[in-house]
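So the protein lines, in turn, are chains A and B. Using this note's numbering, read the first sequence as starting at 37 and increasing by one per residue. Using this note's numbering, read the second sequence as starting at 94 and increasing by one per residue.
Hints in this document: simulated from the structure, not taken from any laboratory. Among the hints, a few may not be true.
As the list claims (entries may be wrong) - List of simulated lysine-lysine pairs, DSS-like, C-alpha gap at most 30 Å:
no.	chain 1	residue 1	chain 2	residue 2
1	B	K365	A	K152
2	B	K148	B	K187
3	B	K471	B	K523
4	B	K402	A	K168
5	B	K249	B	K313
6	A	K168	B	K417
7	B	K241	B	K148
8	B	K302	B	K523
9	B	K219	B	K168
10	B	K265	B	K148
11	B	K219	B	K448
12	A	K168	B	K302
13	B	K187	A	K168
14	B	K241	B	K168
15	B	K249	B	K187
16	B	K421	A	K168
17	B	K260	B	K241
18	A	K168	B	K148
19	B	K219	B	K365
20	B	K211	B	K471
21	B	K219	B	K245
Claimed, not checked - Here are a few chain A residues that sit away from chain B, every Cβ distance over 12 Å (derived from the structure):
no.	residue
22	W66
23	L69
24	F79
25	L105
26	A108
27	T138
28	M148
29	T151
30	V161
31	L173
32	P227
33	L243
34	A260
35	F265
36	W277
Backbone N, C-alpha and C define an ideal beta-carbon position, used for all residues, glycine too.
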Amino acid sequence: MARKSTTQRVVVSTIGAWFFGFLIFFPILWMVLASFKTELEAFAIPPSFLFFHWTTENYATVQERSDYLLHAMNSIIIAGGSTLIALVIAVPAAWSMAFSPTKRTKDILLWMLSTKMMPPVGVLVPIYLIYKAFGLLDSRIGLVFILCLGNLPIVIWMLFTYFKEIPRDILEAARMDGATIGRELIYVLTPMAIPGLASTLLLNLILAWNEAFWTLNLSTSNAAPLTTFIASYSSPEGLFWAKLSAASTLAIAPILVLGWFSQKQLVRGLTFGAVK
Amino acid sequence: MKHILGAVCGASVLLAVPAMAETTLTIATVNNGDMIRMQGLTSEFTKANPDISVKWVTLEENVLRQRVTTDIATKGGQFDVLTIGTYEVPIWAKKGWLLPLANLGADYDVADLLPKIKDAVSADGKLYAAPFYGESSMVMYRTDLFDKAGLKMPEKPTWDFVIDAAKKITDKNGGVYGICLRGKAGWGENMAFLSAMANSYGARWFDEKWEPQFNTPEWKTTLTTYVNLMKDAGPPGASSNGFNENLALFDAGKCGMWIDATVAASFVTNPKDSKVADKVGFALAPNTGLGKNANWLWAWNLAIPAGSKKTEAAEKFIAWATSKDYTKLVASKEGWANVPPGTRTSLYTNPEYLKAAPFAKMTLASIDAADPNKPTVKPVPYVGVQYAAIPEFQGIGTQVGQQFSAALAGSMTVDAALAAAQSATEREMKRAGYIK
C-alpha cells in the first residue's frame, strides 16, 4: 500500500532534509567564510557568522606566497593519471572475475582488499627507498604510480560489483554473433557499464585528489599537489586560520565543482546494488 | 607555421635558461611568521648570488618533522637546507645525519650567538646548525587588570604569587580568566609547558639512571597545582588549548596572564591583531625558590643534511639567513619589531631594537635563565629543558601529554594520570634499552 503523501509530510521532510544537508555542509561553509575574515576575526570568540569585515586579503596573500597553478596542475595530473591507469588495469581484471570466476576468485578479491588493511606509514621507508633508487622522488609519475596502486583494489571491487549486475545472457548473445573478447568488452560491456565506470572514476578521482599521506611524503616542490599547498598554511605557532581556509577553499574548489556537476553519477555509484 | 616555429624556439630558449650552471637549493621550513618573511626576502639572496636559485617547501611543524626525518634517515637527498629544532640537532648530529657548519664566512661572527642557543645547536664543540630564531617562555600579563586588582607583578614572580593573582583577576561572568596555559596533548604542546613547570618544582623526567620519575612528590605537586589552578582560574575547555587558542583568547582580552613562548610577545603587542596591545606587561616565568624558573628554551635552526650535494651553496644561504646583515635587512623592510629574535647578543644591545620591542629585555633574561645542560634542580642524564634529547622522547612525551590532558579535562584523576605516565614511560624506556 502506497503511503499518503500529504503536503504537511512533504514540508516536514523537506525542512528536515535541508536542515541535515546544511548541518553536513556547515564545516565547508565555515571554512569559506573564515577565508574572507581577517586572522583576528577568524579566531574571534564568540565567532561572527556573517557580520564581519569581509576581505579578500587572504586570497591575495596565498596567491603571492604560493604557486597555486603549479599545485593545481600537479593535482589534476596525479589524480587524473592514477585514476585512468587504475581503470585500464581494473576493467579487464573485474571483467574476468565477474564473468569467468574460478574457485579462487573470492580469495583473490579478499587478498586485494587486504592490501588496504595496513596503514600506509608501515611501508613508508621501503617505498621511500625504492623511489629513491629509481629516481621517482618528487616526480609526478611516481605519485601517479603509488596512488594508482593504492586505489586499484577499490576500483576493482567497485567494477566487479557493477559487472556482476550485468546479465550474462547479453554477453553470450554477443558471443553467438561472433564478437571477440575485445569487441565484447568495448561494444557490449562498456556501454552497459558506463554509469558504474563513471561513478568509479569520479570516486577515485576524489580519493586521489584528497590523498595526503603519499603526496606529502613523496613530493617536495616539483610534483607537490594541492595537499602540500594546504599543509604549508597550517601552523601550531601563529595565526594562520584565515589563510589556511583560503588555501583550503582554493584546493577543494575544482573537485567540489566537478562533484557538483556529477552528483547524479556519484549517488548512483554509491547506491548501486543497494536495492534489488 | 611561423607562429608555431617562433613558439617552439621561444620555448626552447626558456627551457634552456635553467640549464645554465645554476644550483637550485631546496629548503624545508616550518610555517611561521619569521620563516615566511625569510621566504619573501629570498630574492635579496638570489640577487647577490645569481648562480643560486631557491625552492621552498613549507610545512606544518609536525608534518615537516616526519617528512624530513624520513628523508634524512634514508639519505633521500631531497633537501639541501632543513629547518629543525633544538631537540633534533644533538640527536641527528650524533647519528651523522648533519654536516658541521665550518664555512660560514669570516664576518659571520659565531661569538655573537647567544651562548645558551649556541650550546643547544652544537655537538662535540662543532656547530651543526645555525640558529634562525630563538625563544624561551615568560609571563605575559594584563597591566590594566593587575592595576584594577591592586596587584604588582614582580620581575621574578613565584608560583604562589601567580596562583593568587590568577584567582583574584578571574571574573568568569565577565569572561575574563586569570590564567591561560597550554592543555592540548603533545610533546611540544602541553608537555613543553608542564616539563618546564615541573623543573621549577624540582621534578625531572628521569633520574641519573634513566628511571622515570612520575612517581615522585615533585611531579604530583606540579600536576596537582596545574590542574587546580586551571580549574579555578583557567578558561573552559582548556584541555584543547594550544599556543594559537591561547593567543586568540589573550588577544581578545580574555586572559589575565599567559605563560608561553616569548615570540608571542610581538603578537600580543601588535595593535593590528590584539585588542590589548597597549596593556601587556612581561615577567620571568614563575619559580618556587629552588633555583629554576618554569621557562623553556627553543630555537628553530637551519642545517645541512648529510645527503645534500650542494653543501657550498647551502652553507652560503644559511650564513646569509642567520647573519647580522639579514637582521638589518628585515629591519629596513619591515621594522625592528619584526626581526627574528633570540639568537644574537648584538641585537639586545641595539638601541633601535630595544626601543621597538618592549619585550626584548625580558626575552633575553628568559633565554639566559634556561640551561639545557642543567635543566633541573637534581641532576639528569639528558640535555634539554622542556624535552629530553633522546629519539624516544617524541613518542613518550606525547603519551604522557595525553594522560595529563585527560587529568586537566577531568576524565582522569591526577594520581591515575601520573601512574599511567610512569608505566608508559617505564615500558618505552625498557623497550629502548635504557633500563632493565
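Verification of the hints:
1. K365/B - K152/A: 48 Å, violated
2. K148/B - K187/B: 28 Å, holds
3. K471/B - K523/B: Judged against 30 Å, a Cα distance of about 22 Å means the pair holds.
4. K402/B - K168/A: Between K402/B and K168/A the Cα gap is close to 15 Å, so the pair holds against 30 Å.
5. K249/B - K313/B: 24 Å, holds
6. K168/A - K417/B: 38 Å, violated
7. K241/B - K148/B: 52 Å, violated
8. K302/B - K523/B: Holds - the C-alpha atoms of K523/B and K302/B are around 12 Å apart, at most 30 Å.
9. K219/B - K168/B: Distance of about 22 Å is within 30 Å: holds.
10. K265/B - K148/B: 49 Å, violated
11. K219/B - K448/B: With Cα atoms ~34 Å apart, K219/B and K448/B exceed 30 Å; violated.
12. K168/A - K302/B: 40 Å, violated
13. K187/B - K168/A: 24 Å, holds
14. K241/B - K168/B: 59 Å, violated
15. K249/B - K187/B: Between K249/B and K187/B the Cα gap is close to 37 Å, so the pair fails against 30 Å, i.e. violated.
16. K421/B - K168/A: 40 Å, violated
17. K260/B - K241/B: 13 Å, holds
18. K168/A - K148/B: With a Cα-Cα distance of about 20 Å, the restraint between K168/A and K148/B holds, given a limit of 30 Å.
19. K219/B - K365/B: The hint is violated at about 42 Å.
20. K211/B - K471/B: Within the cut-off at roughly 24 Å; holds.
21. K219/B - K245/B: 44 Å, violated
22. W66: The claim holds: W66/A sits with its nearest Cβ about 16 Å from chain B, beyond 12 Å.
23. L69: The claim stands: L69/A keeps its Cβ more than 12 Å from every Cβ of chain B (closest is about 17 Å).
24. F79: At about 4 Å from chain B, F79/A fails to clear the 12 Å cut-off, so the statement is violated.
25. L105: 16 Å, holds
26. A108: 17 Å, holds
27. T138: 41 Å, holds
28. M148: The claim stands: M148/A keeps its Cβ more than 12 Å from every Cβ of chain B (closest is about 27 Å).
29. T151: The assertion about T151/A holds, with a minimum of 21 Å to chain B.
30. V161: 6 Å, violated
31. L173: Given a closest Cβ separation of 6 Å, the condition is violated.
32. P227: 38 Å, holds
33. L243: 20 Å, holds
34. A260: 7 Å, violated
35. F265: Given that some Cβ of chain B is not farther than 12 Å from that of F265/A, nearest at about 10 Å, it is violated.
36. W277: 8 Å, violated
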